[in-house]
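Peer 1: Chains as they are written, first to last, in the numbering used here: chain D, 150 to 442; chain C, 150 to 442; chain W, 150 to 442; chain X, 150 to 442.
Possibly wrong hints are sitting among the right ones.
[As the list claims (entries may be wrong)] For the chain W half of the interface with chain D, some residues (derived, Cβ under 7 Å), not all of them:
id, residue
1, His266
2, Lys311
3, Pro355
4, Ala356
5, Gly370
6, Leu373
7, Glu392
8, Val395
9, His400
[As the list claims (entries may be wrong)] FRET-style restraints, in silico, Cβ to Cβ:
id, chain 1, residue 1, chain 2, residue 2, range
10, D, Leu385, C, Arg161, 52 to 58 Å
11, X, Arg365, W, Arg361, 41 to 47 Å
12, X, Leu203, C, Asn321, 55 to 61 Å
13, X, Glu290, C, His364, 48 to 54 Å
14, X, Arg365, C, Asp383, 36 to 42 Å
15, C, Leu404, D, Leu239, 29 to 35 Å
16, C, Asp202, D, His186, 36 to 42 Å
17, D, Pro160, X, Arg286, 31 to 37 Å
18, C, His267, W, Glu384, 31 to 37 Å
19, W, Gly359, X, His267, 43 to 49 Å
20, C, Arg225, D, Ala199, 35 to 41 Å
Hint data in this document are derived by calculation from the structure and do not stem from the laboratory. Virtual Cβ for every residue (Gly too), placed ideally from N, Cα, C.
Number of protein chains: 4
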Amino acid sequence: MSQTQNPNQAPRTAILLIDCPDQRGIVAAVADFLSRHQANILHADQHQDAERDLFLMRVEWDLEGFTLDLDEFPRRFAAVADRFNMRWKLERSDKPLRVALFCSQHLHCLVDLLYRHHSGELACEIPLIVANHDDGRRWAEFYNIPFHLIPVEPGKKPAAEKKQLALLEEHNIDLVVLARYMQVVSPDFVARYPRRIINVHHSFLPAFIGARPYHRAFERGVKLIGATSHYVTDELDEGPIIEQDVVRISHRDNLADLLEKGRDLEKIVLSRGLRWHLNHRVLVYDRKTVVFD
Amino acid sequence: MSQTQNPNQAPRTAILLIDCPDQRGIVAAVADFLSRHQANILHADQHQDAERDLFLMRVEWDLEGFTLDLDEFPRRFAAVADRFNMRWKLERSDKPLRVALFCSQHLHCLVDLLYRHHSGELACEIPLIVANHDDGRRWAEFYNIPFHLIPVEPGKKPAAEKKQLALLEEHNIDLVVLARYMQVVSPDFVARYPRRIINVHHSFLPAFIGARPYHRAFERGVKLIGATSHYVTDELDEGPIIEQDVVRISHRDNLADLLEKGRDLEKIVLSRGLRWHLNHRVLVYDRKTVVFD
Amino acid sequence: MSQTQNPNQAPRTAILLIDCPDQRGIVAAVADFLSRHQANILHADQHQDAERDLFLMRVEWDLEGFTLDLDEFPRRFAAVADRFNMRWKLERSDKPLRVALFCSQHLHCLVDLLYRHHSGELACEIPLIVANHDDGRRWAEFYNIPFHLIPVEPGKKPAAEKKQLALLEEHNIDLVVLARYMQVVSPDFVARYPRRIINVHHSFLPAFIGARPYHRAFERGVKLIGATSHYVTDELDEGPIIEQDVVRISHRDNLADLLEKGRDLEKIVLSRGLRWHLNHRVLVYDRKTVVFD
Amino acid sequence: MSQTQNPNQAPRTAILLIDCPDQRGIVAAVADFLSRHQANILHADQHQDAERDLFLMRVEWDLEGFTLDLDEFPRRFAAVADRFNMRWKLERSDKPLRVALFCSQHLHCLVDLLYRHHSGELACEIPLIVANHDDGRRWAEFYNIPFHLIPVEPGKKPAAEKKQLALLEEHNIDLVVLARYMQVVSPDFVARYPRRIINVHHSFLPAFIGARPYHRAFERGVKLIGATSHYVTDELDEGPIIEQDVVRISHRDNLADLLEKGRDLEKIVLSRGLRWHLNHRVLVYDRKTVVFD
């Protein structure tokens with residue numbers, strides 16, 4: 150999207166995300182509403198899930214020339230929303246999400262995300278980094294992002310998470326990214342950020358759920374290894390998948406080679422998943438995602 | 150799409166394809182028109198090409214419950230079409246395209262397409278096969294498809310093409326598929342079937358345009374080989390690309406290995422390109438395609 | 150390999166496959182033995198598994214000019230083999246393996262293999278096809294391969310397998326290929342053809358072991374689907390993996406699309422795995438394979 | 150390779166690289182030579198190019214227990230080398246190559262390589278960075294690598310290259326990596342580092358040779374974009390290819406998306422190509438490479 154490339158030239162846009170029971174006339178009603186206020190639609194995508202009788206929609210339009218004040222939008226759109234029993238959300242490209250990065254000792258994802266952010270690939274603010282090990286501090290300082298070390302001692306996770314949650318609240322965080330953060334977050338934590346925590350798992354889920362996936366892939370003798378970015382839910386590695394990718398391996402690859410090839414996969418699936426989330430392209434229902442590209 | 154799997158259960162659908170200058174209100178006008186006739190929209194996709202100020206749209210709806218007689222459609226839709234200066238086309242899932250397959254001596258694509266058609270993967274009719282060599286006749290007979298041998302002798306291509314075109318006309322052919330047909334078709338032939346001839350080229354275009362691409366790929370020492378399906382235009386291998394794919398090779402692969410790996414690519418990119426065309430998912434503008442998936 | 154392309158021109162070769170405890174001097178001893186008999190080595194590959202202290206080797210040489218009668222090989226090579234405690238096998242390109250294809254009602258893999266065999270891609274003999282449904286008979290007849298219908302009625306699998314095994318024995322079958330054969334073969338059957346039964350599983354193992362993998366992949370919302378060819382062992386879908394591949398899917402793909410995309414994967418991973426086995430490129434140890442390409 | 154992961158635990162190894170006319174007995178002679186000095190061979194790979202009658206070999210062995218002083222190696226190996234008319238080279242894992250990184254204003258490859266080096270993925274020394282723009286200085290300083298700004302003014306490239314070459318000589322540089330360095334290096338420069346300059350080109354060569362490949366890919370409407378790492382020769386983008394990779398794009402991707410997806414490809418093909426070179430896995434002949442993995 151050009152807006153991430155040339156933020157100055159990018160159009161200011163609004164993004165409307167909708168889900169509701171599938172029925173006739175939804176598109177016409179939404180398009181008509183926007184048209185009446187002179188919206189110049191840039192992207193419109195929809196998806197029906199026939200089994201669940203569910204309709205999902207994303208519309209993005211240029212705010213230049215749009216005649217409705219966005220503060221007025223909820224009140225004015227209510228008639229349409231009510232008629233079709235919609236859940237909906239309005240996002241704005243000029244109000245980037247506020248993201249907290251969590252990391253531990255494997256820093257390749259953190260370092261990768263920090264440079265992508267610096268170079269304009271990620272349309273978000275990163276007010277803080279939270280870590281249970283100090284290793285990432287140097288990069289945080291280099292990129293001028295406050296670094297908070299909160300060790301998680303055995304048996305004392307609740308206390309640590311309390312500190313983490315206080316920080317997130319204080320900084321108005323919209324999204325938590327676990328950039329190879331090596332702690333399982335508790336259900337309480339998840340409940341505070343439903344569908345707003347993105348994790349990267351170093352396997353092609355649902356293969357090798359849990360610990361040491363590369364070791365188990367190596368033992369099993371698979372011919373491809375993978376990585377997965379997904380939203381975190383209460384069940385370990387069972388949350389809605391955003392992106393996956395794989396790379397070919399052979400008997401010539403030892404375990405260290407798998408770890409090395411895997412790091413490149415992890416960086417790519419996490420950064421793609423994050424970018425799509427930031428652009429409000431990911432809609433979740435049940436355990437699945439729709440990614441409007 | 151389920152209709153190709155279970156043709157009996159698949160909904161009868163109509164597909165509307167539109168291109169016009171980009172402007173506000175198009176989606177609303179189309180959606181409103183369909184909504185007024187109780188269309189149950191199954192898929193709606195659109196694309197803007199900002200540089201060319203072009204808007205492209207594909208809408209597919211269930212004909213069950215649609216209150217407008219399709220024979221009436223052109224007259225009734227004219228007001229919308231005129232207002233936005235649209236070029237448009239209406240297709241119907243119950244009127245499958247009629248496809249002619251052209252082949253020579255390399256039969257892997259032909260044999261592959263015939264089985265796919267037999268098993269219901271390709272929603273089309275195949276009234277005839279045209280060939281300049283007799284090798285494919287056995288498979289044609291096995292699948293009960295008339296096989297026309299029209300040799301193309303040096304210097305006598307115009308006469309051969311005249312016979313081919315007569316056959317195509319006689320059988321009301323909508324689309325010609327060059328399934329590794331080893332003759333360049335003339336501009337006159339192309340002019341009769343603009344954007345309605347699909348070819349498979351055995352390279353990753355625009356690399357290795359022209360003859361013997363695998364030999365040249367082998368000489369060049371590339372690390373991936375590819376194949377491309379595209380519409381045929383007057384310029385050799387320069388037509389709009391529908392699909393491409395690649396496979397990894399190494400120094401261990403000799404030329405025969407490249408040919409073998411290439412055959413699998415050719416089958417896949419040609420059958421994908423054909424399937425998308427048959428489902429009216431491919432829109433062409435300039436030298437590019439939009440493939441609504 | 151050129152021999153599969155131009156069988157007449159291909160060199161007659163011998164292939165020596167070795168595994169033994171890893172130790173110094175193996176390569177030198179083997180190379181010296183072959184060199185003393187004027188072997189023109191075409192391919193030599195080796196692999197060490199450090200954890201298991203295991204050495205694996207494959208050497209292929211041109212029989213043109215080789216001064217040792219192959220019937221004499223075992224007696225003469227014994228000294229080398231004993232010294233390093235080798236298990237070894239000698240194969241010959243002019244003695245192609247004899248393969249039985251098993252199928253049921255999903256015929257895409259069968260039809261694909263039959264054409265590959267016909268066109269010279271698979272260097273083997275196929276003396277028979279065994280099926281528990283009659284659907285494949287037409288293609289068997291077209292390619293002039295005897296077709297044996299052996300229904301497997303509930304509770305009567307032992308009787309059916311007895312007939313199958315009698316056929317395999319009668320026809321001196323070296324390898325059984327389960328081309329989407331929809332029956333689990335019994336441990337007794339497996340014991341008769343250890344590491345000589347190749348199956349294709351329609352998922353990226355170890356994800357979605359067992360029944361209906363595409364349905365479960367669809368439910369889980371994965372972003373890639375896969376297929377796996379592997380040797381059959383007593384544990385369902387746990388045998389050594391020969392080849393795997395994946396293809397990208399999205400929320401736009403319904404279950405029928407997954408099945409369709411999956412068929413292309415299945416054809417490719419099964420035919421690759423079979424080709425490598427036929428060229429004696431696959432060595433098995435524990436639950437893993439080494440594929441010398 | 151485990152040595153790049155755990156440098157302390159990795160074995161000290163020697164790597165012998167050979168090319169010579171193909172003939173019988175080479176492997177036996179080399180293996181025998183190494184065996185007589187108690188070499189524990191870790192990897193042995195060979196390749197024949199039948200057309201060119203060429204034999205290429207790479208052997209790596211553990212120096213633990215090897216009874217020949219490496220300083221003595223050339224004199225002692227001469228008899229074998231002379232007999233087969235070999236060109237050969239001996240490399241040692243404990244003598245890492247010295248690499249100069251060249252960059253301009255697009256820094257993603259530079260920043261990527263610096264972190265990989267920092268984390269132990271790249272077994273080399275990086276004594277200096279050379280740039281014609283100052284943008285990369287901050288990262289150079291962060292990783293404590295001297296940064297030399299040598300602007301290349303129009304018409305004054307010879308003077309700039311003279312400074313560059315003086316630096317390379319002073320620092321005993323073995324390999325130059327053009328990490329998106331946006332200047333064409335002169336034939337004189339190339340002649341000083343034959344097959345020792347690695348470049349990344351942002352297309353799938355030989356498609357889109359020269360300037361602005363993503364723009365041209367976008368115009369052409371390809372469905373995949375690629376990147377290529379290759380050795381630099383006198384002919385622009387015609388040098389031996391080390392690695393290539395591609396990523397799928399669609400009509401939904403605008404030019405900025407292509408640039409963004411391309412950056413990930415560039416980082417990966419350049420870092421892979423570099424790693425293989427550092428591990429002495431790449432052999433070049435004519436315009437092709439053999440990459441022993």
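Peer 1: Work down the list of hints and note, for each, if the structure agrees.
Peer 2: Here is what the structure says about each hint:
{"no.": "1", "hint": "His266", "verdict": "violated, 24 Å"}
{"no.": "2", "hint": "Lys311", "verdict": "violated, 33 Å"}
{"no.": "3", "hint": "Pro355", "verdict": "holds, 5 Å"}
{"no.": "4", "hint": "Ala356", "verdict": "holds, 4 Å"}
{"no.": "5", "hint": "Gly370", "verdict": "holds, 3 Å"}
{"no.": "6", "hint": "Leu373", "verdict": "holds, 5 Å"}
{"no.": "7", "hint": "Glu392", "verdict": "holds, 6 Å"}
{"no.": "8", "hint": "Val395", "verdict": "holds, 6 Å"}
{"no.": "9", "hint": "His400", "verdict": "holds, 4 Å"}
{"no.": "10", "hint": "D:Leu385 with C:Arg161: 52 to 58 Å", "verdict": "violated, 46 Å"}
{"no.": "11", "hint": "X:Arg365 with W:Arg361: 41 to 47 Å", "verdict": "holds, 46 Å"}
{"no.": "12", "hint": "X:Leu203 with C:Asn321: 55 to 61 Å", "verdict": "holds, 57 Å"}
{"no.": "13", "hint": "X:Glu290 with C:His364: 48 to 54 Å", "verdict": "holds, 50 Å"}
{"no.": "14", "hint": "X:Arg365 with C:Asp383: 36 to 42 Å", "verdict": "violated, 21 Å"}
{"no.": "15", "hint": "C:Leu404 with D:Leu239: 29 to 35 Å", "verdict": "violated, 58 Å"}
{"no.": "16", "hint": "C:Asp202 with D:His186: 36 to 42 Å", "verdict": "violated, 22 Å"}
{"no.": "17", "hint": "D:Pro160 with X:Arg286: 31 to 37 Å", "verdict": "holds, 34 Å"}
{"no.": "18", "hint": "C:His267 with W:Glu384: 31 to 37 Å", "verdict": "holds, 36 Å"}
{"no.": "19", "hint": "W:Gly359 with X:His267: 43 to 49 Å", "verdict": "holds, 44 Å"}
{"no.": "20", "hint": "C:Arg225 with D:Ala199: 35 to 41 Å", "verdict": "violated, 28 Å"}
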